[in-house]
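> Protein chains in written order, with my numbering: chain U, 1 to 111; chain P, 1001 to 1113.
Honestly, the hints are just simulated from the structure, not real lab data. Warning: the hint list may mix true and false statements.
[Unchecked claim] Think about it this way: if two alpha-carbon atoms lie no more than 30 Å apart in a straight line, the pair counts; the simulated DSSO-like pairs of lysine-lysine are:
1. U:LYS98 - P:LYS1083
2. P:LYS1057 - P:LYS1014
3. P:LYS1083 - U:LYS71
4. U:LYS71 - U:LYS59
One-letter residues, chain by chain:
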Amino acid sequence: SQKIEQNSEALNIQEGKTATLTCNYTNYSPAYLQWYRQDPGRGPVFLLLIRENEKEKRKERLKVTFDTTLKQSLFHITASQPADSATYLCARPSNDYKLSFGAGTTVTVRA
Amino acid sequence: DGGITQSPKYLFRKEGQNVTLSCEQNLNHDAMYWYRQDPGQGLRLIYYSQIVNDFQKGDIAEGYSVSREKKESFPLTVTSAQKNPTAFYLCASTGTSAYNEQFFGPGTRLTVL
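Please work from the sequences and hints to get the whole structure.
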């Protein structure tokens, strides 16, 4: 199966700093990776997608990178705010119509 | 407002009972999914359906059943054969995007008493 791992369960940072989350995958490189945000007791919400031929993607204060050599994606939240506190999930396609999700990294931003 | 609804939000079940979780979408999406989420684990796929009247088992289908009689609806039944059903259940759908961006419902938390 196509494994995907987020190597940090929790990340605590000070407001204004940059949070960096890691997502590692095994086996072949996927055509794309996705990142979702999940608040407690709610369903995940899609944030960003990065394709294998893209090195970097940005959306407001979010930045995602994709390194097929390292088999890794990094997710950055710049100028973090307490409202960014949530669990962030990465996902990769496992075959048509299916995604494999990582366990998530819970980010807590302290004011 | 387009979206996915799940009901109920909280559900309590006695051991040995079957329960059905509802999932409805008005996004006109063809594909729908059921996931289970346990603390510290990623979303695990239970069943998915790419089209009406067709569905496939995911990674942890044992003890669950589904139906897809209408495009908008994909109910999940948790049967008494499911050994450890207490979990957070999420329904999702996806449209025609080649990149399979999934839209999730708010979830149902099932607790076995």
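> Between P:LYS1057 and P:LYS1014, does the CA-CA distance stay at or below 30 Å?
25 Å, holds
> Next pair to validate is U:LYS71 with U:LYS59; report whether the Cα-Cα distance is within 30 Å.
Judged against 30 Å, a Cα distance of about 22 Å means the pair holds.
> Is the Cα-Cα distance between P:LYS1083 and U:LYS71 30 Å or less?
With a Cα-Cα distance of about 36 Å, the restraint between P:LYS1083 and U:LYS71 is violated, given a limit of 30 Å.
> CA of U:LYS98 to CA of P:LYS1083, is that 30 Å or under?
25 Å, holds
Violation of the numbered hints given earlier is confined to hint 3; every other hint is satisfied by the structure.
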